[in-house]
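Student: From first to last, the protein sequence lines stand for chains A and B. So for the first sequence, our numbering puts the first residue at 191; every next one is plus one. So for the second sequence, our numbering puts the first residue at 608; every next one is plus one.
No wet-lab data here; the hints were simulated from the structure. C-beta atoms are modelled at their ideal positions from N, C-alpha and C, and glycine is treated no differently. Fair warning: there could be bad hints in the mix.
Said to hold, decoys possible - Chain B regions said to be covered by chain A (calculated; three or more residues, Cβ under 8 Å):
{"#": "1", "segment": "712 to 720"}
{"#": "2", "segment": "830 to 843"}
To be verified - Cut-off 27 Å, straight-line C-alpha distance, at most; resulting in silico cross-link-like pairs (BS3-like, lysine-lysine):
{"#": "3", "chain 1": "B", "residue 1": "Lys617", "chain 2": "A", "residue 2": "Lys229"}
{"#": "4", "chain 1": "A", "residue 1": "Lys245", "chain 2": "A", "residue 2": "Lys231"}
{"#": "5", "chain 1": "A", "residue 1": "Lys229", "chain 2": "A", "residue 2": "Lys245"}
{"#": "6", "chain 1": "A", "residue 1": "Lys231", "chain 2": "B", "residue 2": "Lys617"}
{"#": "7", "chain 1": "A", "residue 1": "Lys231", "chain 2": "B", "residue 2": "Lys630"}
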Amino acid sequence: MHWSSWSEFFSMGGYGFYIWGSYGVTLILLGGEVLMLLKRKRRLGRSTADREQLKTQNAKLETAL
Amino acid sequence: MSNRRINWYKYAAPANFYPLAGKMIPWFTVITIALFVVGLYVGFFVAPTDFQQGESYRIIFIHVPAAWMGMFLYVLMAVYAGVGWAFNARLASMMATAISTTGAIFTFISLVTGSLWGRPAWGVYWVWDARMTSTLILMFLYIGFISLQSSIDDPRRADRAGAVLALVGLINVPIIYFSVQWWNTLHQGATITARSFKMAPSMKWAMLILLAACWMYSIAVVLVRVRFIILEREREAPWLAEVAA
Numbered sequence: 191m192h193w194s195s196w197s198e199f200f201s202m203g204g205y206g207f208y209i210w211g212s213y214g215v216t217l218i219l220l221g222g223e224v225l226m227l228l229k230r231k232r233r234l235g236r237s238t239a240d241r242e243q244l245k246t247q248n249a250k251l252e253t254a255l
Numbered sequence: 608m609s610n611r612r613i614n615w616y617k618y619a620a621p622a623n624f625y626p627l628a629g630k631m632i633p634w635f636t637v638i639t640i641a642l643f644v645v646g647l648y649v650g651f652f653v654a655p656t657d658f659q660q661g662e663s664y665r666i667i668f669i670h671v672p673a674a675w676m677g678m679f680l681y682v683l684m685a686v687y688a689g690v691g692w693a694f695n696a697r698l699a700s701m702m703a704t705a706i707s708t709t710g711a712i713f714t715f716i717s718l719v720t721g722s723l724w725g726r727p728a729w730g731v732y733w734v735w736d737a738r739m740t741s742t743l744i745l746m747f748l749y750i751g752f753i754s755l756q757s758s759i760d761d762p763r764r765a766d767r768a769g770a771v772l773a774l775v776g777l778i779n780v781p782i783i784y785f786s787v788q789w790w791n792t793l794h795q796g797a798t799i800t801a802r803s804f805k806m807a808p809s810m811k812w813a814m815l816i817l818l819a820a821c822w823m824y825s826i827a828v829v830l831v832r833v834r835f836i837i838l839e840r841e842r843e844a845p846w847l848a849e850v851a852a
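Start from the sequences, fold in the hints, and give me the full structure.
Tutor: This is the structure in structure tokens:
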């Protein structure tokens, strides 16, 4: 372990902006990709449920006729 | 040995692949998180300060894996797209589409982190040297592939058009790889060559563990995405109602 304090760790020998900028961008992009996938999952789930509902309604309609 | 064989063709069918991928995703997710934690720990708390570049070199732990993933995933995408086109295998084409977004993201990360490293190392964020220009072209190829596919309504036609673009663009990958040898570039040479490894062991391990983490991450997100693509494209198929229920 070569960091004597947290502030020394965060300053990264004066290169903090470049290093944390790099890792921050990586985190935002990969995290953003995961979030987009979660959103897509919710949207897909909703549209599947809508279709199921539509199907049962149609079935009911057919039997009623 | 037993003569029991795994029938690999079985998993070329979306109906068989979909549940298998679903079972694999949690494992790859767990391995991804573990490798990121270990790799970042080694990179920030074990690897020593570089005698030439000070702490700024620590960008390498994410920059090099991201750049490699950008190239690997492009080759993988082109191979899947080519197989999907040549053998009319729709799952392979769906894999190519699923890979393209992740490949573009890693290529973008390699450009941004490289730029943030270039400023302290060279004094500039960007120069039009061969390595950086060819990586930028790789980014445009990904963007071209994604926008071409999304502009065509018929999925199989979109797959074929994307395959042509991906295969033609494949020529760019060896250009990126050998650019530091073929031209005089500001960018440093290959970090790892067959003969030498100019780094302390802990630096090397941090980089390799994070490379493995990026691989596992890519597999996990691509499997998640390819399942969504299957759901969207084959929603009328009877097998889907059984599996998804």
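Student: If a hint holds in the structure, say so; if it doesn't, say that too.
Tutor: Quick rundown of the hints versus the structure:
As drawn, the segment 712 to 720 of chain B meets chain A at 5 residues by the rule of a beta-carbon pair under 8 Å; at three or more, the given contact holds. Coverage of the segment 830 to 843 of chain B by chain A holds. Counting CB-CB distances below 8 Å, 6 residues qualify, and the rule asks for three or more. At roughly 31 Å between alpha-carbon atoms, Lys617(B) and Lys229(A) are farther apart than 27 Å, so this suggested pair is violated. Note on Lys245(A) and Lys231(A): the hinted pairing holds, with a Cα-Cα distance of about 21 Å set against a maximum of 27 Å.
Restraint check: the Cα-Cα separation between Lys229(A) and Lys245(A) comes to about 25 Å, which is no more than 27 Å; the hinted pair holds. Simply put, Lys231(A) and Lys617(B) have alpha-carbon atoms about 26 Å apart, close enough for the 27 Å limit, and the pair holds. Distance hint between Lys231(A) and Lys630(B) is fulfilled; the C-alpha atoms sit about 16 Å from each other, no more than 27 Å.
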